[in-house]
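Protein chains: 2
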Amino acid sequence: MCPVRSPDVVSPSLTPTSYVVLGLVGAFGPCTSYNLKQFVSVSIGYFWPFPHSQLYAEPVRLTELGLLKEEQETTGRKRRTYKLTPAGREALGDWLAEPNDEPTEIRDLSVLKLFFGAQAEDGDVAAIARHAVDAHRRRLAEYEQIARNTGIEAHQRKTLEMGLEFERMAIAFWEGVATQ
Amino acid sequence: MCPVRSPDVVSPSLTPTSYVVLGLVGAFGPCTSYNLKQFVSVSIGYFWPFPHSQLYAEPVRLTELGLLKEEQETTGRKRRTYKLTPAGREALGDWLAEPNDEPTEIRDLSVLKLFFGAQAEDGDVAAIARHAVDAHRRRLAEYEQIARNTGIEAHQRKTLEMGLEFERMAIAFWEGVATQ
DNA sequence: GGGTACATGTAATCAGTTACATGATTTA
DNA sequence: TAAATCATGTAACTGATTACATGTACCC
Chain A
1 MCPVRSPDVV
11 SPSLTPTSYV
21 VLGLVGAFGP
31 CTSYNLKQFV
41 SVSIGYFWPF
51 PHSQLYAEPV
61 RLTELGLLKE
71 EQETTGRKRR
81 TYKLTPAGRE
91 ALGDWLAEPN
101 DEPTEIRDLS
111 VLKLFFGAQA
121 EDGDVAAIAR
131 HAVDAHRRRL
141 AEYEQIARNT
151 GIEAHQRKTL
161 EMGLEFERMA
171 IAFWEGVATQ
Chain B
1 MCPVRSPDVV
11 SPSLTPTSYV
21 VLGLVGAFGP
31 CTSYNLKQFV
41 SVSIGYFWPF
51 PHSQLYAEPV
61 RLTELGLLKE
71 EQETTGRKRR
81 TYKLTPAGRE
91 ALGDWLAEPN
101 DEPTEIRDLS
111 VLKLFFGAQA
121 EDGDVAAIAR
131 HAVDAHRRRL
141 AEYEQIARNT
151 GIEAHQRKTL
161 EMGLEFERMA
171 IAFWEGVATQ
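Sequence order for the protein chains is A and B. Counting from 1, position 86 in the first sequence corresponds to residue 86 in the numbering used here; the numbering is continuous, with no gaps. Counting from 1, position 41 in the second sequence corresponds to residue 41 in the numbering used here; the numbering is continuous, with no gaps.
Treat each hint with caution, since some may be false.
[To be verified] Have a look at the derived ranges for each label pair, beta carbon to beta carbon:
1) B:T179 <-> A:E153: 18 to 26 Å
2) B:Y34 <-> A:R148: 48 to 56 Å
3) B:A118 <-> A:L65: 42 to 50 Å
Quick caveat, the hints were computed from the structure, so don't treat them as lab data. No residue lacks a Cβ here, since even glycine has one placed at the ideal position from N, Cα and C.
Turn these sequences into a full structure, and let the hints steer you where they fit.
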């Protein structure tokens, strides 16, 4: 009586990259891979970086799955413009409606080096810490610059605030490490 | 006339996973993949997770590169035990001596969903935020439990403190999102 | 002595990265 | 008009993930 369902056919297992693309195309309206690349590089790319080639490859996959529709210019650069299909909008909406259980990953090579600091030479850890302080200060300055733009959508601003908080925390943390 | 060189032979380009394995074997002394797995799961695996199959595959690669030495039991389970070679210890030391320029990656699906919150239904974002508060509270409790152990090596404890700080920040952040 | 959790791996696939390539615009 | 730089992709490789498989010890 229970309906037979093949779970893997039902959910072709979209990756985070897939949802980034769906979300950006949804927020932007029709756009090219290059448009995506530009916006990513000053927004979510700070948290979740990936090379621009992904922003060319992923829309192709999503188009095959029927979640995006592609239109290619016939003249000039023959740019490919993507837009959400109804199925794509639904997939994005379903994903947004479902709370997340995957824990946060903080991938930071300086933290890895700190973790193994007992095996480093004297002074190495302090140097790493000073370097990290500088890097996080620069990153904080970038975020503050972006935050000066008053036209940012509310949720994106909230996300940016998380970034600001994180950088302040990281600066304080690494200062503590640097000064022993 | 210019000497033919294959650049990839010169720098075999170790990945972060490689250094995690080198660092763990260095810190532990000789150990099996399973030993690595166990320790990772209560330490650096919180920040930098990977499946246990990596901890079987990576030592094989490192052994081929001459950075680890493998010894296999001849009886019973025929476990493979790995230890650092001098070259391995040197590679680890060089890496630790070199400050890091790669920025931190904060990979968090809840943050992604927040970023695209404008396209979600009413209440979705608040639900995501409440879920995230719970998850970070649980994670904080885990970290506090680990921190009660007084025998942790100093650098590893420092790393844990970063985790504690991050979780406190995340809880406050998501509480702010949840209450609008 | 049967089940269940721990322990130890292998195989296949694929997303993601790196590197390459080239056309269009702008600028000096 | 030469040289940068912007824009737009493709190809190849491989590390990482997923899934499978099986042996061993313990406990009820």
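*When you take the CB atoms of B:A118 and A:L65, is the distance between them in 42 to 50 Å?*
23 Å Cβ-Cβ, so the 42 to 50 Å window is violated.
*Assessment of proposed distance window 18 to 26 Å (beta carbons of B:T179, A:E153)*: holds (20 Å)
*State, for the Cβ atoms of B:Y34 and A:R148, whether the hinted interval 48 to 56 Å holds or is violated.*
Between B:Y34 and A:R148, where Cβ atoms are some 52 Å apart, the hint holds.
Consistency with the previously given hints fails for number 3 only.
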